[in-house]
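Colleague: Sequence:
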Amino acid sequence: MSVLLPRPVNRRSVLRGLLGGASVGIALPFLDCFLNENGTAMAGTGAPLPVRFGTWYWGLGHTPGHAITPKTQTSAGIGFLEECKALKRHEQNLNFFGGFNMPLDGRSNYTHFTGWVASRTGTAPSGNTDIPAPTLDLLIADSIATNTRFKTLDVTAVGIARENYSARSTNNRAAAEASPERLYARVFGAEFADPNKADFKPDPKVMVRKSVLSAVSEDSRALNKTLGAADRARLDEYFTSIRQLENQLDLQMQRPEPTEACLKPPRPVRDGEEQNKPQGLEVDTVIANHRIMSQLLAMAVACNQTRIFNMVFSDNFSHMRRPGQTYTHHLLTHEETPDKVLGYQPVAFDFNCRQMDGFATFLDTFANIREGSGTLLDNVLIFAATETNYARVHSIDGVPVFTAGRAGGRIKTGLHVVGNGDPITRVGLTAMQVMGLPLDKWGTQSLQTSKTITEILA
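For the sequence shown, position 223 matches number 223 in our numbering, and the numbering has no gaps at all.
Treat the hints as calculated values from the structure; they're not laboratory data. Please note that a few of the clues may not be correct.
What the hints assert, rightly or not - Restricting the straight-line Cα-Cα distance to at most 30 Å, the calculated cross-link-like pairs of lysine-lysine (DSSO-like) are:
id, residue 1, residue 2
1, LYS88, LYS451
2, LYS71, LYS88
3, LYS88, LYS412
4, LYS85, LYS441
5, LYS451, LYS412
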């Protein structure tokens with residue numbers, strides 16, 4: 001009697017057959033048998049599922065007393081008030097950080113600018129255009145984003161490409177993708193290689209472009225020898241972007257690894273009326289853009305097109321407005337009269353509520369994609385922050401910050417962390433350490449800190 005032993009199924013296995021006399025093959029989806037018994041790593045290799053990092057930005061902060069219930073000490077449970085009630089469904093995926101300060105050491109508070117720069121670079125700016133150090137997302141990208149098609153993906157729902165809160169320096173601030181159609185074309189267009197497709201062939205156009213870039217790189221080394229120190233520094237920044245593009249093209253010439261959750265999304269289709277609206281001015285358009293772009297961005301992460309992403313819901317001077325009105329969200333925070341009964345500015349408050357609704361929607365898209373034994377949200381760390389606490393008075397102490405996701409099990413969630421006046425850079429330092437950066441301190445002057453927020457570490 002013979003005993004048939006089952007052969008292990010390989011991730012590259014293909015179902016083969018005949019159709020009309022021709023041989024055809026269908027790639028298998030990413031099955032549970034491709035993972036270890038716990039669904040946390042690749043079977044055979046033991047390689048863990050990747051942990052990704054992203055940021056989510058909203059402008060103009062919160063309405064004090066109507067967003068999150070204050071606490072005096074760190075503990076489990078986040079008290080979501082009316083402005084943030086949409087986030088209640090994600091309480092177990094979130095941490096909230098309140099009561100952290102932003103000392104400026106005598107520097108000015110450049111309104112709607114200092115807050116995001118200091119919290120993302122660890123240094124207070126010296127002017128209203130100064131970005132004195134790389135933002136934390138790029139520091140993380142330099143460490144973990146070497147084997148993806150895009151080192152980072154920067155996206156904005158409000159339609160203002162220059163308002164992207166990721167930068168290496170004052171003069172090196174990338175533009176964000178500002179339309180769902182262009183985002184789709186860039187990520188899932190002709191150059192997208194489906195990681196679960198069996199018949200991979202490098203695109204000849206990519207090969208030619210790679211050859212051209214290599215030649216330019218060689219010429220750059222010759223030019224570099226003729227320049228002074230300042231010009232060499234400027235040229236180095238420029239060719240950093242060229243090297244990133246070369247890396248992107250290198251990856252496009254290689255067969256991608258199959259990815260469990262990857263499913264190429266359909267091209268976004270909006271009706272003619274929506275297409276003709278000015279990008280990102282009316283709040284309903286912003287919400288529609290954000291919903292579509294969130295889905296595309298989450299799938300780009302699931303398909304391993306990037307491990308670092310930045311989403312902007314609204315810019316720091318929030319240009320959103322209601323249909324038929326000229327007053328923007330920003331103007332309302334200063335000029336709308338507070339309601340005597342409610343105690344706040346009702347229209348500005350409504351904009352704030354819709355922003356938090358948008359954050360909840362963003363988290364939904366990651367939570368709805370299955371990956372391994374959990375979801376894509378389990379395998380990301382999202383740093384969600386704004387630039388001010390209360391926009392009406394431009395306060396920067398107590399700027400609200402959330403983290404979302406469990407970073408592959410590296411952090412605990414569901415906590416309200418109280419800063420007790422410590423510098424807000426403690427949040428950024430902890431996030432970078434969670435993502436594997438070998439940092440024991442971060443920031444400058446009074447923003448410098450070496451205090452990890454150990455309460456959230458798993």
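Colleague: Now tell me, hint by hint, if it's right for this structure.
Modeller: Evaluated hints:
1. LYS88 x LYS451: Measuring from Cα to Cα gives roughly 29 Å; hence the hint holds.
2. LYS71 x LYS88: Judged against 30 Å, a Cα distance of about 17 Å means the pair holds.
3. LYS88 x LYS412: Given pair LYS88, LYS412 holds - Cα atoms ~17 Å apart, limit 30 Å.
4. LYS85 x LYS441: Measuring from Cα to Cα gives roughly 35 Å; hence the hint is violated.
5. LYS451 x LYS412: Distance of about 17 Å is within 30 Å: holds.
The structure fails to meet hint 4 from the earlier list, while all remaining hints are met.
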